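As they're listed, the protein sequences go chains A and B. According to my numbering, the first sequence holds residues 1 to 155 in order. According to my numbering, the second sequence holds residues 156 to 358 in order.
Hints listed in this document are in silico derivations from the structure and should not be mistaken for laboratory results. Where hints are given, some of them may not hold.
[Stated by the list, open to error] As a list, the in silico DSBU-like pairs of lysine-lysine whose alpha-carbon atoms are at most 35 Å apart:
(1) K113(A) - K164(B)
(2) K113(A) - K218(B)
(3) K313(B) - K113(A)
(4) K313(B) - K218(B)
(5) K313(B) - K217(B)
(6) K310(B) - K164(B)
(7) K113(A) - K217(B)
(8) K310(B) - K217(B)
All of these numbers come straight from a predicted model, not from anything done at the bench.
Below, each chain spelled out in residue letters.
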Amino acid sequence: MRMNARNPYWLFLLRLALGGVFIVASLDKIAHPAAFALAIRNYQILPNAVSNLFAITLPWIELAAGVLLILGVKCRSNAVILSGLMLVFNVALLLALARGLNINCGCFDVDAKEAINGWYILRDLSLLAIGVLLLAFEQQDRFPLIAWALKKESL
Amino acid sequence: MSGTFHLLKIPFWAAVVVFAAASVGILVNAVRSEGLDLVYHPPQMIGTGDSAIPVIQIDEAKKLFDQGAVFIDARAGNQYEQGHICCAVSVPLQDADRLIPDLQQCGLEALSASKSTPCPTDHVIPDIQQRGLRERTLVTYCDGEACSQSESLAKRLKAAGFRDVRVFQGGWPFWLASRYPVKGSDPLVPCEPAASPGAMICE
Numbered sequence: 001m002r003m004n005a006r007n008p009y010w011l012f013l014l015r016l017a018l019g020g021v022f023i024v025a026s027l028d029k030i031a032h033p034a035a036f037a038l039a040i041r042n043y044q045i046l047p048n049a050v051s052n053l054f055a056i057t058l059p060w061i062e063l064a065a066g067v068l069l070i071l072g073v074k075c076r077s078n079a080v081i082l083s084g085l086m087l088v089f090n091v092a093l094l095l096a097l098a099r100g101l102n103i104n105c106g107c108f109d110v111d112a113k114e115a116i117n118g119w120y121i122l123r124d125l126s127l128l129a130i131g132v133l134l135l136a137f138e139q140q141d142r143f144p145l146i147a148w149a150l151k152k153e154s155l
Numbered sequence: 156m157s158g159t160f161h162l163l164k165i166p167f168w169a170a171v172v173v174f175a176a177a178s179v180g181i182l183v184n185a186v187r188s189e190g191l192d193l194v195y196h197p198p199q200m201i202g203t204g205d206s207a208i209p210v211i212q213i214d215e216a217k218k219l220f221d222q223g224a225v226f227i228d229a230r231a232g233n234q235y236e237q238g239h240i241c242c243a244v245s246v247p248l249q250d251a252d253r254l255i256p257d258l259q260q261c262g263l264e265a266l267s268a269s270k271s272t273p274c275p276t277d278h279v280i281p282d283i284q285q286r287g288l289r290e291r292t293l294v295t296y297c298d299g300e301a302c303s304q305s306e307s308l309a310k311r312l313k314a315a316g317f318r319d320v321r322v323f324q325g326g327w328p329f330w331l332a333s334r335y336p337v338k339g340s341d342p343l344v345p346c347e348p349a350a351s352p353g354a355m356i357c358e
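Make the full structure from the sequences, and use the hints.
In structure tokens:
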């Protein structure tokens, strides 16, 4: 097996990491839409009126793109979605930090008591980097999970 | 297959996933019992009848600020020290039992009641004592929309006989983000006199 950026096993690990993070992040938001809507409003970026719509739809987009990325369905499209989300989240965090807002992230635990800080930016940038790597190197859809289940070598 | 078409397929399928997932979210929201309204409407009132307390948003809060309303900071004392709305009084919710009677006394019987009773609110402008705090517009706030101290404090002020109490939903972070006058130990926007006549002026 070649150890380079296009190594399918390495790319699959990246997919597991990025997809997994988004799946985990979506679950608490799906369970508590009102709390997530509140977290969105606290950022004061979107008009308050649309906070509910975002809270209702965004977690499902995270979940769907995360699952499809891991399964290997339309990998690059889902990498685009997740990278786009990471970019948006990063800008929101930066704006909130720049304005000195003492708010919770609303990222994993929508009721978290901890306020946002610089480490959140670092974390989000790492995830964004994974998304960009996948976009650049995962040229075709691969199905290692399905291949493993069928005990076939598809890679 | 041309290269251009191949590249267009990426955003196309991304859009399909986003649309489909968003639709699922809206469907699930429609059937679940704790589903939200698709468009968010801020609450207008807490409670009903005589004890109802209006909930105001940032625009209304600024208007009342310019008109000289008394802002009451319900957060902890150290948060108040770090930064607060210009001229706000600190009444941390945990000290409300002690401070509300003081506020009543300082505001109504004014300074004549007892010189020995220290007024906890020495940064309140004298005008408040003269006009009677009970009759003035009091606006409580705390740290963001999720905090509940402002609401609890407003209920207790209302119960203590203050006539016009309102809750500024959003509170400190919204005020700060709008760059309205603030004061505190952190270097923030300097506390400036409000523009309109009759408005409060910080010490």
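The hints, checked one at a time:
1. K113(A) - K164(B): 41 Å, violated
2. K113(A) - K218(B): Judged against 35 Å, a Cα distance of about 31 Å means the pair holds.
3. K313(B) - K113(A): Given that 35 Å is the threshold and the Cα spacing comes to 29 Å, the pair holds.
4. K313(B) - K218(B): 21 Å, holds
5. K313(B) - K217(B): Cα-Cα ~21 Å, so holds.
6. K310(B) - K164(B): 57 Å, violated
7. K113(A) - K217(B): 28 Å, holds
8. K310(B) - K217(B): Holds, because 22 Å separates the two Cα atoms, which is no more than 35 Å.
Comparing the model with each numbered hint stated earlier shows that hints 1 and 6 do not hold.
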